[in-house]
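Student: The chain contents come next:
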Amino acid sequence: MHKTVTGATALAVAGALALGVAACGGGSSSSSNSGSSGGSGGKTSGSGSSGTSGSGGGHVTVVQGTAPDYLDPQEGYTTQAANAMWISYTPLYTYAHKAGQAGGQVIPGLAQDYPQITDGGKKYTMTLRQGLKFSDGKAVKASDFPFTVQRVLKVKWGGSSFITAYIKGAADYAGGKAKDISGITADDSTGKITVELTQAYGAFLNVLAFPNMGLVPTGSPMKTVTTDPLPSGVGPYMVKNIVPNRSYDIVRNPKWTDTTIPGIPAGHVDLTVKIASNTQTEAEQVLNNSADVFDWGDQIPPSLMPQVQSQAGDRFKKVPSLSTYYFFMNTQNKPFNNQQAREAVITALDRRALSRLNGGNFIETCWFLPAGMVGHPSSPCPYGDPKGKPNLAKAKQLVQQSGMAGTEVTVWGQNRDPRKEFTAYYTDLLNKIGFKAKQKVIADTQYFPTIGNLKLHPQTGFADWNQDFPNPSDFYLLLDKNTIQTTNNENPGEVQDPHIQSELAYLNKVPASKLQSAASRWAALDQYTAKKAYSAVYGQDVKPMFYSNKIDFSKVIFHPLFGTDYTSLQLK
Amino acid sequence: MATTESTGTEFTSDLGTLAGEEHAPPGIGPYRLAARRLRRNKVALAFGALFLLIVIICLLAPVYANHIAHTTPSANHLTDQIRIDGKLKDVVSESGIPTGPTWHGRFFLGADTNGRDVAVRLLYGGRNSLVIGFIATFITMVLATILGTAAGYFRGWIDAILSRVFDLLWAYPVYILGIALGVSLAVGGLNLGVTQLKGNSLGVPAVIIGFIYVPYVAKPIRGQVLGLRSREFVDAARAMGQGHTRIMFGEIIPNVTSTIIVFIPLIIANAILTEAGLSYLGAGVQDPNPSWGTMISDGIRLIPSAIHLTLVPGMMLVLCVLGINVFGDGVRDAMDPRAKVRIEH
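Chains Y and A supply the protein sequences, listed in that same order. If you read the first sequence in the working numbering, its first letter stands for residue 1, the second for the next number, and so on. If you read the second sequence in the working numbering, its first letter stands for residue 573, the second for the next number, and so on.
FYI, nobody ran anything at the bench for these hints, they're computed from the structure. Wrong hints could be hidden among the right ones.
[What the hints assert, rightly or not] Chain A side only, calculated, beta carbon under 8 Å to chain Y, not exhaustive:
no.: 1; residue: LEU650
no.: 2; residue: ASN772
no.: 3; residue: ASP905
[What the hints assert, rightly or not] Rough simulated footprint, nothing fancy, chain A against chain Y, three-plus residues with beta-carbon under 8 Å:
no.: 4; region: 204 to 217
no.: 5; region: 272 to 286
no.: 6; region: 290 to 303
no.: 7; region: 407 to 421
no.: 8; region: 435 to 443
Please read these numbers as outputs of a predicted model, since none were measured by experiment. From the three backbone atoms N, C-alpha and C, an ideal C-beta is built for every residue, glycine too.
Whenever a hint applies, use it, and build me the whole structure from the sequences.
Tutor: Below is the structure:
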């Protein structure tokens, strides 16, 4: 998952700009109150403030600083999208609705049981549960699975390489050379589904558990759907009433009960998700209880933290996440096709500065694999202590030696706090060490689709990654040559390293159950990656759990992959 | 919507006639007379001086940055410390809160979230706002004078086409049009044939604003030229065999100069204000270039802890626009006491 895009008179106007902004920033409560009481679907709701009390119902308002990249179940790939998708589109396998490490456990979803894995890890055989229905009442068929996988490839999901690299015939289908995916068979009469792989992949069960693999009915449009009605799914919730970039509702599926699929609870409340104009407004709304859930993909602005801690300490908590924040550097184009130029950037990078921009909510690091992930190296960083002062003089020297001094660099950034500030810092840094950098900050919702357009060949810019599943191969998707694709490219640095490829060919085969046995080899790979300076990694994010006082904080499950588990939200 | 109001006589600028209101001593020209009137308007002069002071202060931005603040407008000082009254203090705290005003040379008005010196950015921002204001005004006045004169002089189909284009532009609210152009040009820049403006260039908002205000000036000029083209001195020039271009530039335009002069301060004020508005909305000056609009926008999220980040650039904007506007009103009154030229949104 997920990139956290998560997401009169002249004088009168001058006066408004000078003074009125105070009302804009500080007085958002009144507008948000009215805003949150309607819900885009016109239902009477209104944040926790007017919802039905008690654990069995009610309505809450979630505020997000940026909209999901897509709400299409097969295409969404940001944390905001995944929050809604994993409870509305259940795949054959899914994740336990539990906090902490237990939440990383894969459980059967639409499949009856765990798969039979044969042929040296290259064949998965599963059986669909009986009697399942989509939210529109249609019966779920085994053949909906191959259709769903085809749809994933047709809409060019950013993680498509997880499929094309492993499922037999998927690459041909994606390339238009085949009409269906030869490696997938499904029998509607028995519910049996088989998936054949071209090579064993230890994390393939996690691939099947991607929210994007949540089944949709055969016949759903084979193109991106951005408005109502979305394809129907199987899950405790349904997404509807979409107002692009403004709001959408996540409402309970009336046909779902706690026993429909063991381990997937029916939710307690309906939700309206509203897109706030900025994180300041977002945090203020939750602080003053006019909205109920702060998006875990955002950060509470530093200026508001003292208030949050003093006034809402009992409904706020920081949770370290398995994430990596970095600046990608395009290894195929000047100046970062030169290793010394990349080393210079990393040598000069002041991770303490970036942590301050993030309100102190970074664990400074140089490794691509975050602490807590199997394979996270414990050795010293190759280009200086990430918690120490950087060596600017050496960085300048490296730029001179690289012959890239004075090269024009465009730094891509996302118009969202604090990412915009990260970009400003980074641009200044590049200029300080001898490049001629200028920044290009674009709308938050357009950012990842833009830098993911291969034709653009972005030179460098902001990037981040939150784990999709507890396996280092998820992070190495970002440095895998096979993930480079024309759109929704997740490897904007265009890293194509034969050593990484050969190591991934081995490491990706290690079964999830034996992951620890490969920890040292993963660590060696991560050290190699850091030494080659492919990305300027700077931090591992600490996420906020922040809710209104209407929410029963003790009942909230903060999932390691999906953050706030909406099925766990209950009103006091 | 913006409107330009004129008197029933369409902002007559025949200063010779107007001078008759005040019995001028023989030999005093209309411009000297206007200057005399302006000198008597102490309020206008005071506000003009205020504007001039702001211009001078902003022009001295590099001097302040280099010799007093010892930084540049886009230099980040996130992990730096400063000594205030003998004590070391973080420019930006570990939790991300920037220091407030130190009232010393460095960080006189404090720092922003990136640890940049607010006072330096304020001066450079003002410089950028003023540069954009002046360039935009120049573009507006040149285009409006040529197009307005051509429309009024030639009449017929040229007038019909130009007037409809003016109406079309006029029909769009200024900020909506500005945002649409600003956002679309921010990424790709602007190719003007002979030159190309990059997306983050100050030239982009200047061209956009200059273009937007053309109808607001061109239409009154056109109205005035319609009256002038049938006057005796134009007939005389035509009878002497002068061509259209020579008549327009030699006979007509000199007679609309007072209108142009009156519009200049008003357009400067509106251009500065529009630039601030567009920058505030992300469609004007692009980071890391400072402008008062972007500074207000950046300061919003720190209002609870550092309200000065928003208020100081806002107050500078108010003073600057107020200064040039009141001075502009004084110039208008001096040039033509009967005229009511105003640009409103």
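Student: Would the stated hint for A/LEU650 survive a check requiring a Cβ distance to chain Y of less than 8 Å?
Tutor: Holds: closest Cβ of chain Y sits about 4 Å from A/LEU650, inside 8 Å.
Student: Have a go at the A/ASP905 hint: is there a Cβ in chain Y nearer than 8 Å to its own Cβ?
Tutor: violated (18 Å)
Student: Please count how many residues of the region 290 to 303 of chain Y have a CB within 8 Å of a CB from chain A and say whether that reaches 3.
Tutor: It holds: at least three residues are needed, and the region 290 to 303 of chain Y offers 3 whose Cβ sits within less than 8 Å of chain A.
Student: Is the listed coverage of the region 435 to 443 of chain Y by chain A valid when you require three or more residues with a beta carbon under 8 Å from a beta carbon of that chain?
Tutor: holds (count 5)
Student: For the region 272 to 286 of chain Y, count the residues whose Cβ lies under 8 Å from any Cβ of chain A; is that count three or more?
Tutor: holds (count 3)
Student: Are there three or more residues in the region 407 to 421 of chain Y whose C-beta lies closer than 8 Å to some C-beta of chain A?
Tutor: holds (count 5)
Student: Taking 8 Å as the Cβ threshold, is the statement that the region 204 to 217 of chain Y is covered by chain A upheld or broken by the three-residue rule?
Tutor: violated (count 0)
Student: Any CB of chain Y closer than 8 Å to the CB of A/ASN772?
Tutor: Result: holds, 5 Å to nearest chain Y Cβ.
Checked against the numbered hints above, the structure violates hints 3, 4; every other hint is satisfied.
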